[in-house]
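Sequences and hints are given; from them, build the entire structure.
Protein chains in written order, with the numbering used here: chain A, 1 to 354; chain B, 1001 to 1354; chain C, 2001 to 2354; chain D, 3001 to 3354; chain E, 4001 to 4354.
Bear in mind the hints are in silico, worked out from the structure with no lab data behind them. Just so you know, not all the hints are guaranteed correct.
Chain C is faced by these chain D residues, among others (derived, beta-carbon under 7 angstroms) [said to hold, decoys possible]:
{"no.": "1", "residue": "Thr3089"}
{"no.": "2", "residue": "Asn3137"}
{"no.": "3", "residue": "Ile3265"}
{"no.": "4", "residue": "Met3294"}
{"no.": "5", "residue": "Lys3295"}
{"no.": "6", "residue": "Thr3298"}
{"no.": "7", "residue": "Phe3309"}
{"no.": "8", "residue": "Val3313"}
{"no.": "9", "residue": "Met3321"}
As a list, the in silico EDC-like pairs of lysine to aspartate or glutamate whose alpha-carbon atoms are at most 20 angstroms apart [as the list claims (entries may be wrong)]:
{"no.": "10", "chain 1": "B", "residue 1": "Lys1351", "chain 2": "A", "residue 2": "Glu292"}
{"no.": "11", "chain 1": "C", "residue 1": "Lys2352", "chain 2": "B", "residue 2": "Glu1200"}
{"no.": "12", "chain 1": "D", "residue 1": "Lys3240", "chain 2": "D", "residue 2": "Asp3102"}
{"no.": "13", "chain 1": "E", "residue 1": "Lys4101", "chain 2": "A", "residue 2": "Glu233"}
{"no.": "14", "chain 1": "D", "residue 1": "Lys3240", "chain 2": "C", "residue 2": "Glu2292"}
{"no.": "15", "chain 1": "A", "residue 1": "Lys352", "chain 2": "E", "residue 2": "Asp4106"}
{"no.": "16", "chain 1": "C", "residue 1": "Lys2349", "chain 2": "C", "residue 2": "Asp2256"}
{"no.": "17", "chain 1": "B", "residue 1": "Lys1240", "chain 2": "B", "residue 2": "Asp1256"}
The beta carbon of each residue, even a glycine, is placed where N, CA and C say it ideally should be.
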Amino acid sequence: MSRLTRKSTKTAGSAPGTLIHVGEKKTDRVHLSMMHYAGAELIEQSLDGIETALPRLKPGATTWINIDGIHDVTLIEQIGRLFHIHPLTLEDILNTTMRPKDEAFDEYLFVVLKMVRYDATDCLITAEQISLILGENVLLSFQEAAGDVFEPVRERIRKGKGRIRTAGCDYLAYALLDAIVDHYYVILEKLGERLEALEESIDEDADAGMREEIHDIRRELIYLRKQVWPLREVVAHLLKGDNPFIGETTGMFLRDVYDHTIQAIDTIESFRDTLSSLQDLYLSTISNRMNEVMKVLTIIATIFIPISFIAGVYGMNFSHMPELGWRWGYLTVWLVIIAVVVAMLLFFKRKKWL
Amino acid sequence: MSRLTRKSTKTAGSAPGTLIHVGEKKTDRVHLSMMHYAGAELIEQSLDGIETALPRLKPGATTWINIDGIHDVTLIEQIGRLFHIHPLTLEDILNTTMRPKDEAFDEYLFVVLKMVRYDATDCLITAEQISLILGENVLLSFQEAAGDVFEPVRERIRKGKGRIRTAGCDYLAYALLDAIVDHYYVILEKLGERLEALEESIDEDADAGMREEIHDIRRELIYLRKQVWPLREVVAHLLKGDNPFIGETTGMFLRDVYDHTIQAIDTIESFRDTLSSLQDLYLSTISNRMNEVMKVLTIIATIFIPISFIAGVYGMNFSHMPELGWRWGYLTVWLVIIAVVVAMLLFFKRKKWL
Amino acid sequence: MSRLTRKSTKTAGSAPGTLIHVGEKKTDRVHLSMMHYAGAELIEQSLDGIETALPRLKPGATTWINIDGIHDVTLIEQIGRLFHIHPLTLEDILNTTMRPKDEAFDEYLFVVLKMVRYDATDCLITAEQISLILGENVLLSFQEAAGDVFEPVRERIRKGKGRIRTAGCDYLAYALLDAIVDHYYVILEKLGERLEALEESIDEDADAGMREEIHDIRRELIYLRKQVWPLREVVAHLLKGDNPFIGETTGMFLRDVYDHTIQAIDTIESFRDTLSSLQDLYLSTISNRMNEVMKVLTIIATIFIPISFIAGVYGMNFSHMPELGWRWGYLTVWLVIIAVVVAMLLFFKRKKWL
Amino acid sequence: MSRLTRKSTKTAGSAPGTLIHVGEKKTDRVHLSMMHYAGAELIEQSLDGIETALPRLKPGATTWINIDGIHDVTLIEQIGRLFHIHPLTLEDILNTTMRPKDEAFDEYLFVVLKMVRYDATDCLITAEQISLILGENVLLSFQEAAGDVFEPVRERIRKGKGRIRTAGCDYLAYALLDAIVDHYYVILEKLGERLEALEESIDEDADAGMREEIHDIRRELIYLRKQVWPLREVVAHLLKGDNPFIGETTGMFLRDVYDHTIQAIDTIESFRDTLSSLQDLYLSTISNRMNEVMKVLTIIATIFIPISFIAGVYGMNFSHMPELGWRWGYLTVWLVIIAVVVAMLLFFKRKKWL
Amino acid sequence: MSRLTRKSTKTAGSAPGTLIHVGEKKTDRVHLSMMHYAGAELIEQSLDGIETALPRLKPGATTWINIDGIHDVTLIEQIGRLFHIHPLTLEDILNTTMRPKDEAFDEYLFVVLKMVRYDATDCLITAEQISLILGENVLLSFQEAAGDVFEPVRERIRKGKGRIRTAGCDYLAYALLDAIVDHYYVILEKLGERLEALEESIDEDADAGMREEIHDIRRELIYLRKQVWPLREVVAHLLKGDNPFIGETTGMFLRDVYDHTIQAIDTIESFRDTLSSLQDLYLSTISNRMNEVMKVLTIIATIFIPISFIAGVYGMNFSHMPELGWRWGYLTVWLVIIAVVVAMLLFFKRKKWL
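Given below as structure tokens:
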């Protein structure tokens, strides 16, 4: 399926709230894992079924259930039933083509995000949808496939570094959000490196590959921009929204995420500007080079075509060509030829072509 | 009539509220059909006249009357009389060149939409105007011609899938709106495919057809954009507006439609960006190719023009040309020629033209 | 005077409220006409002097006085005195370079508009300033010259079609506004036709006239845009403004005018986009054609220059040129020439130039 | 000093409120003049020192003191002391690089403006800073040098034309503002004339001077725009601001200045659009011309290179060239040459190059 | 590390509030200095440790502690403890990749700024992060390295010039802010000079270096813009924000800084416009020059190719070429050649190529 339009046509017209998985099936096995902690206490385990996690939930402790793989509609339905999730939310979780958004419900806060990856071999950015359900003392995270950018967060929970073990569920949600936004910078740095490589090589050698590299970077920026822009609204909304799921302390940290998001957008915009400047530089380099090619051709042709004509004239076989018989005829012709060449060179000199 | 400006001049200056059909007559026969349902009860039938539907209307049941073909002014007037529709609304229904909008009246909510189609043979998007009149327990939909994107909705009503049979008239209006917006994605996917086909082929072979394809896609995007942009305001307005015709539950579903509309706009904008990048790529490919052509010409001409001159010199017929009589004259000339060629090749090498 | 800047320098520095006619004198004779109606009653006549109309004014009846030609400062002053018009308003009426605006005074509402015309011979849009003074039961309209787009309105008054005879003075003002905005579509349709003609012909034959046509249409769009944009604010302001001169019923009709103005702006913007796409198409067509010309030159030159050199070599007159004496020398040369030509053709084939 | 950045580096880091003259010293002698009037009474005189004006100030009369030349820091300090002007205001008056702004203090209203001039010889727009201090019955105006656009205002005061003699100090300030904004139109008209001259000449003859003219006009527009844009905010602020220095009547006149400012901005923007369209037209004209040049070259070269080759072949000196001995050999060669030429011409005809 | 993306990946995923220095280590030794003053009293000294400054802090006096070098995490932590600074603030101070921002805490106001420098050798702008902590009677400033733009401020404190000695801590913060913003103008002036140098040289000689200069200036503008834009929000926020750390008097001075920031942004935008105009001028200069080159080539080739053909014809060695034997054959050929040349020259004259 194309990266440009991922909204599949197969849901068009189906009843809202109908649970259909939309998107590529990126993993075969659905994998559930749980981290449960409260101060010094920490339980980390894989889950066979979602119902085994339920007894853990209690006030004062934080339970993070991560689901890798969202194509198993039955499982999602079961989770929906157990955690009282609205059918529309379940539909959104299954639909991997959602625009980043946040929605506050009575019993939970629902956030859809895009986690971006950089595929080094193809130089392609890919986005994976992350859905977060933030309840009172439980956080559900849904991923399209295994593998994420949350490892440092898990590490912090395991080691009890910082305030994460004591700071509750909203802080955990913040930490995940922060990890995702931080990862945008990894991507931006990669693109920044490609931009700088381009900028350096364009001076020496503007070859054909360059114009494709310019187009490729631009395409990636367009793609990244589409993922990051809506995030600004989402974080701003979380900041302002008087929902009971985000405490005041976490709100202050969210302000930091907001700053980072704005800065990521700033960087994308200045990359676009830089790219557009490079495009102009590339085009004028091409034009310039063409000019140079043309000059060489013109100089050579303009010098030799007239003197070839002179040689041609005295190659004619007329019976009566008095010059041919002259003693110094041949020498004179050479002098004329040299005069023409010198005149031409002076002309080019004056035109600053040499 | 042109797709660019459809506001016909024939109404210019006519009295407002005058019922005149504006637009192409896309169908010959006007066709009326009704779906009437309330829970398990379902009546679906064609109507001979609009008055036969009236007795069906009652609280608790939903009646959807669909009119295919709006050129029959008398019929529209009759419907207006029977359902107490304002003359200005009737005028808007008849005028197929309306901008999408919504207007709340005391007795009904009036929404004008554009349903888009993709004509696969011409690769042209066409828009058909849909007018919805949402009353208390009746929904009137006016189409320019038979054939629409509502079949899945009808199917859901027939099979009683989801909440549609029980959810009232506003939910039905939402379902139609949703079907229309979903269909925008079908169009976008088609355009996305054309964009990607373009992107792939541009590397191999930037031929003349490509520049027309770029222009064609851009033209379609401009057209689609003009249809979709106003829709955002319409849906946002329906969401915010405190009109009594849209219940709170349906409002939540409308938020979904709003998200989809925003996403469609996002996609159109990134298509435009992509297209503009492709246009740049195409132009620099053309420039590059010209450069290559010029180089070949310059190399050939620059090598052969000087040595042709040498040959020309010794083709002259002067009586006194000492070189002609020399023993190794001919060989020397060949050596000179080879030297010139080698010098030229080295020059091109240094210029990186070879 | 130039169409680009019409604010004449002659008023610069004159006292505000000084009555000076600014603009071209488009008519010699000032012509006053009146339509007076109240239900079935209708009087339509030319006026010799403005004072003859005064006795007609009475509550319940609508009097429309139209003045064609505004260069007669004395007359404007007299009208100002009789109808208690503020000197600044009079100055604005006389100044044909005003930006569209509306101003509410205690005794009247003042609206300045631009009525556009399409001059078919020059393909130029021209704008004429219309000033409306809407009092309690009188409407004054000032035009630069005779000839307007109000004929259908007059016809409706004469025939008593629609609600115009009974709907009061504000409705009449609306009707005039509507007639002006409707006429923008006539212009847009003309431009749309030129755009489509351009689009069709660009494929076949991108000649020099096309680039002027592109520029001309763009110039007209810039001009039209400058007239239409401010109108949006004016109509929006009339809609919102709590002035006593516009009744609620007429307000609803004004909403229609607002929709049309927005749609006109939309259309102008998409015309601009289309034009910009056509400009790109035109430029790449030119580039492409240049490429083709260059290819033909390069193919011919690259094939014949080397073989001409060969012929040149054997045209030399050295005494000792062994090949010249060979039995199959001439034939061999021909074979070499054919080999070169075939090699070149294969080279071009591989380059896809043939 | 450059017109692009006039903020001098010499103030960087100096204490705020420090009085330093920043800018070019445009005049040697500082000149003070006063106009004092109240109804029929009028005193106009040059002042030797600012203190001589003080006794004139009284309620009911208006005193306008104009200072030409602001490099005399001591004088400015003295004025500041006498009229209770804030040190920051004095600093702003001395700094000729201010952005247009207005600031309300307790005892006066401070407005900074840019008066533009058009230097006809260089075709350059220059801006001079005007600072106005509007007190209760005194107006101070500071100019960089003698010579301004206020002469018509002075004339109106002298002749007592209009309401100026009786309308108080705020009206005088308005009159000066109006004179400055009116003068923008003089500049715009000059630029408009250059644009139209450009537009006309581009069709006939797109020479090198044209591209510099395009750049020059654009540079002037950028400069003018930078002066005019901030003015909009200033006037809008004066209109809204509840400061006691501007009476209600003058407010109404200011609305007129606001309209003019908006219109000036509109005109600048449409000039930019027009210029950009002309730039495109110029570029495609250049491209087109290049195309034509190339065609001529290609036609000539493509016709003569092949037939020159034929002539070259029969110029070879092989002993065994049977054609050379044929009776009709020469004639045949001519026929072949003619055939080639005709074939080529037909080819060009088909390509529509002829 | 690249100047384009400075947000280091090494913090990605680390716990918020974790103190890690992010950025280049620009200095080896951390240097602390203090200025303490209150009216006539002034103590200026280097500090060995931050704790030695603490006893100085007292109401009525202002203590400015400047820290050059922020890579010493232990020191920053100690300062944080001593001055009750929030961990998130400390993290921001250590992270040199912050976007300019201001945050009000209960005990202090935190402002992050970018101080720009112009490296004359590389013509590169570099930014250094300045963090200000404004407490009740203490101001902490953190710099990445020694060397700043605050020397004039220090000089004013030392000499007691202006109001700085008596005006409190907020005024000092304002003075630093003002010094930073003033320094933007130094940079802008440098760029302005480069722009003008470019503009002058483009007329004479559009060489390859120019297109790199255009790109370089644009890159610097993009970089500078990214630093200055967020500053506007920061200053606007400081102006509006009801925080207790900025007194009303200082607020008035801040308005001045705000004006300067806006003006800097204005200047950057008009530089961008100017640059874009120069880019267009450069491109059309290149195009024009190519055109001229082509014309010379075409004129020479078009004149000589046909006459060379004529010479070639009479160089053929046919036995029966009657012209060769004619008495005036040679002369006739010369006349034909001259006729062809004259005809060509007239053709070029008519085409305005000569």
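key: Numbers of the earlier hints that this structure fails to satisfy, in rising order   = 1, 2, 3, 14, 15 and 16
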